[in-house]
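Enquirer: Each chain, written out:
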Amino acid sequence: MRLVGLYIFLAVTIGLGLLFPDNYYVSVVGSTAFFHIILAVALNLFMGYAGQISLGHAAFFGIGAYTSAILTTRFNLNPFVAMSAGAMLTGALSTLLARPILKLKGHYLAMATLGLGIIVHIFLVQEEWLTGGPDGLSGIPPIKIASLVVDTDIQWYFILCAVSAMTIWISLNLMDSRMGRALRAIHGSEIAAEVLGIDTASAKAQVFVLSAVLTSIAGSLFVHQQAFISPDSCSFAFSVELVTMVVLGGLGSTFGAVFGAAILTFLPEFLVHFEELEVLLYGAILMCIMIFLPKGVFVSAVDGVMHLFQRRCVRDVGSS
Amino acid sequence: MSALLEVNSVSRRFGGVEALKDITFSVHGGEIFSIIGPNGAGKTTLFNLLTGVFYADEGSILFNSHDITRKRTFEIARLGIQRTFQNLQIFLNMNCIENVKTACHTRISSGMISGCLRLKKVIQEERIVEKWAMEALDFVGMKDLALAPSDTLPYGLLKRLEIARALAAKPSLILLDEPAAGLNDTETLEMRHLIESISRSGITVMLVEHNMSLVMEISHRIMVLNYGQCLKLGTPTEVQKDPEVIAAYLGEAAG
Numbered sequence: 132m133r134l135v136g137l138y139i140f141l142a143v144t145i146g147l148g149l150l151f152p153d154n155y156y157v158s159v160v161g162s163t164a165f166f167h168i169i170l171a172v173a174l175n176l177f178m179g180y181a182g183q184i185s186l187g188h189a190a191f192f193g194i195g196a197y198t199s200a201i202l203t204t205r206f207n208l209n210p211f212v213a214m215s216a217g218a219m220l221t222g223a224l225s226t227l228l229a230r231p232i233l234k235l236k237g238h239y240l241a242m243a244t245l246g247l248g249i250i251v252h253i254f255l256v257q258e259e260w261l262t263g264g265p266d267g268l269s270g271i272p273p274i275k276i277a278s279l280v281v282d283t284d285i286q287w288y289f290i291l292c293a294v295s296a297m298t299i300w301i302s303l304n305l306m307d308s309r310m311g312r313a314l315r316a317i318h319g320s321e322i323a324a325e326v327l328g329i330d331t332a333s334a335k336a337q338v339f340v341l342s343a344v345l346t347s348i349a350g351s352l353f354v355h356q357q358a359f360i361s362p363d364s365c366s367f368a369f370s371v372e373l374v375t376m377v378v379l380g381g382l383g384s385t386f387g388a389v390f391g392a393a394i395l396t397f398l399p400e401f402l403v404h405f406e407e408l409e410v411l412l413y414g415a416i417l418m419c420i421m422i423f424l425p426k427g428v429f430v431s432a433v434d435g436v437m438h439l440f441q442r443r444c445v446r447d448v449g450s451s
Numbered sequence: 489m490s491a492l493l494e495v496n497s498v499s500r501r502f503g504g505v506e507a508l509k510d511i512t513f514s515v516h517g518g519e520i521f522s523i524i525g526p527n528g529a530g531k532t533t534l535f536n537l538l539t540g541v542f543y544a545d546e547g548s549i550l551f552n553s554h555d556i557t558r559k560r561t562f563e564i565a566r567l568g569i570q571r572t573f574q575n576l577q578i579f580l581n582m583n584c585i586e587n588v589k590t591a592c593h594t595r596i597s598s599g600m601i602s603g604c605l606r607l608k609k610v611i612q613e614e615r616i617v618e619k620w621a622m623e624a625l626d627f628v629g630m631k632d633l634a635l636a637p638s639d640t641l642p643y644g645l646l647k648r649l650e651i652a653r654a655l656a657a658k659p660s661l662i663l664l665d666e667p668a669a670g671l672n673d674t675e676t677l678e679m680r681h682l683i684e685s686i687s688r689s690g691i692t693v694m695l696v697e698h699n700m701s702l703v704m705e706i707s708h709r710i711m712v713l714n715y716g717q718c719l720k721l722g723t724p725t726e727v728q729k730d731p732e733v734i735a736a737y738l739g740e741a742a743g
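Residue numbers (the numbering used here), protein chains in the order written: chain A, 132 to 451; chain B, 489 to 743.
Among these hints, one or two may not hold up.
Here are the simulated DSS-like pairs of lysine-lysine, each with C-alpha atoms no more than 30 Å apart in a straight line [to be verified]: (1) A:LYS234 - A:LYS426; (2) A:LYS426 - B:LYS631; (3) A:LYS234 - B:LYS559; (4) B:LYS509 - B:LYS559; (5) B:LYS619 - B:LYS609; (6) B:LYS658 - B:LYS608; (7) A:LYS236 - A:LYS426; (8) B:LYS729 - B:LYS509; (9) B:LYS559 - A:LYS236.
Cβ-Cβ distance ranges computed for the label pairs, FRET-style [to be verified]: (10) B:PRO642 - A:ALA223: 16 to 24 Å; (11) B:THR725 - A:SER333: 28 to 36 Å; (12) B:ASN575 - A:VAL135: 54 to 62 Å; (13) B:ALA636 - A:ILE322: 17 to 25 Å; (14) A:ALA432 - B:GLU618: 23 to 31 Å; (15) B:GLY629 - A:VAL433: 26 to 34 Å; (16) A:SER333 - B:GLN728: 41 to 49 Å; (17) A:ASP282 - B:ALA636: 49 to 57 Å; (18) A:LYS236 - B:GLU618: 27 to 35 Å; (19) A:SER333 - B:GLY690: 26 to 34 Å; (20) A:ALA432 - B:GLY739: 55 to 63 Å; (21) A:ASN154 - B:ALA636: 41 to 49 Å; (22) A:VAL135 - B:GLY629: 27 to 35 Å.
Reference listing, derived: stretches of chain B covered by chain A, where coverage requires no fewer than 3 residues with Cβ under 8 Å from a Cβ of chain A [unchecked claim]: (23) 557-567; (24) 607-621.
Worth flagging that the hints you see were computed from the coordinates, not collected in a lab. The beta carbon of each residue, even a glycine, is placed where N, CA and C say it ideally should be.
Modelling step: build the complete structure from the supplied sequences, incorporating the hints.
Expert: Given below as structure tokens:
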């Protein structure tokens, strides 16, 4: 019962992958959707569970991406070793930053994480000798699993599907565990959480690091899939897009993040047909969703269904 | 009886206001110890000092012979002090049983990584936590509401839920901040029975409350605060007869 959503997710995504392996919207856009799902679910751990805010998650994505890119192109390291190095670097940096940054709350925390994102972005643009500057880095080798070189769209689709499923699994597991409850308690009332014996500073720091490391791993995978990375992929706008996914789907819900990520990936693809109206419609749809479904698309839908179900039960009891 | 909690000449100022001035008292294991006084007398401030929400400017606080004067809130909780809040602090983003399960935090130990991977230890912990939480809900008579979302509950039940949550942490001392405020007569009576059964189960109770008949009937000892100072400390009968207390707080009718 706990993992039923994950099974549905797997059934749908694997089904689509098997049925339409050559469809552009499945293999290409689908892969992008998986990236967004991994990132949104990771960010939801920090934002939705613990009730904090980060406008700088693109920085961690960038650190993972560039570490992988640099280590594999210049030092010929195995992609998985490079990915671990990126994750460790992100882990170290986020651990170092967590305590001072997470003392801040609300708007102040948003400002601090925003600053982090911008600093990393400036670094990536300016330090041309290392990062290739605004042009970025290219020629990044594909990953190899055993002797299989992953370089077709549909292969990536299934690999990213597996990583997304793992991220969702982690998120669902954490929800019903000691630390997951501690995080949600911090979201509900930080003072009450402390009074119950929860070291809130430590819990927030831990989930910040966890979220950052997952984001970094997604970044590493991204460079191998694209074979290219530039600072544009880890800009402030991307951080905001991730926050939008989490909020749009429904804060605090793992599948809310999944839905938010999927919507924000597919919506622009379909709106392309409206040409110059695209951006206008995109903005209007997001605004309407937030006005009419303030809890997010997924959470509001689930609430609605539950409400309907309960009313029906009450009516049944009343008539019998 | 041995002293579970010893407060020695504790003072706390907020700017120029002396919220608490040289307060000394001790609470014995097993008693119901009430604190009364007019609004602004320093009752909640005292609870905040005991739980490390604020620190005392002067003086010391000993709990179970641990010095908790400068300890942080979560460390004090781990030593066995729990509290409820005057203005409820329920986790409204969780249902009832999750609220209570959260309180079992210090009784189990799995970390974030094992939680993410749902190791065997976590599964075992979840089973036992479920049992503990149901026991606590049962204790306050809310077993049937275990899965109810907490943001749909009426005020009286939220108060009980907050007590269930505090109890699930297995405290040896529980601080109740105005548990009967906003309750009707029936609910107040139920609250009284609940406090008595908490006390019977061996937990020491400290109570801040404005409902005088409740306080007088269930307390073993009462401390009267006025403008941050201890006006009187004694049994309910002694307090009720004290002319200074009558003048400051109770008024003629109650005396």
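Enquirer: For the range 41 to 49 Å, tell me whether the beta carbons of ASN154 (chain A) and ALA636 (chain B) fit it or not.
Expert: With Cβ atoms ~45 Å apart, the hint holds.
Enquirer: Against the range 26 to 34 Å, how does the distance between the Cβ atoms of SER333 (chain A) and GLY690 (chain B) compare: consistent or not?
Expert: Given about 31 Å between the Cβ atoms, the range holds.
Enquirer: Is the hinted pair LYS426 (chain A) and LYS631 (chain B) satisfied, with a Cα-Cα distance of at most 30 Å?
Expert: 29 Å, holds
Enquirer: For the hint 16 to 24 Å, verify it against the beta carbon of PRO642 (chain B) and that of ALA223 (chain A).
Expert: 49 Å, violated
Enquirer: So the hint says 49 to 57 Å: do the beta-carbon atoms of ASP282 (chain A) and ALA636 (chain B) match that?
Expert: Once the Cβ atoms are compared, 52 Å apart, the range 49 to 57 Å for ALA636 (chain B) and ASP282 (chain A) holds.
Enquirer: Sort out whether LYS559 (chain B) lies within 30 Å of LYS234 (chain A), counting only the CA atoms.
Expert: 18 Å, holds
Enquirer: That 28 to 36 Å hint for THR725 (chain B) and SER333 (chain A) (C-beta), does it hold up?
Expert: 48 Å, violated
Enquirer: LYS619 (chain B) and LYS609 (chain B): Cα distance at most 30 Å?
Expert: Roughly 16 Å separates the two Cα atoms, so the pair holds.
Enquirer: Starting from the range 54 to 62 Å, see whether the pair ASN575 (chain B) and VAL135 (chain A) falls in it by beta-carbon distance.
Expert: The hint (54 to 62 Å, Cβ to Cβ) is violated, given that ASN575 (chain B) and VAL135 (chain A) are roughly 38 Å apart.
Enquirer: Take the C-alpha atoms of LYS234 (chain A) and LYS426 (chain A), compute the straight-line distance between them, and say whether it is at most 30 Å.
Expert: 27 Å, holds
Enquirer: Taking the beta carbons of LYS236 (chain A) and GLU618 (chain B), is their distance inside 27 to 35 Å?
Expert: Hint holds: Cβ distance 32 Å, inside 27 to 35 Å.
Enquirer: Below or equal to 30 Å on CA atoms is what counts here, so check LYS658 (chain B) against LYS608 (chain B).
Expert: 24 Å, holds
In summary, the numbered hints that this structure violates are 10, 11, 12.
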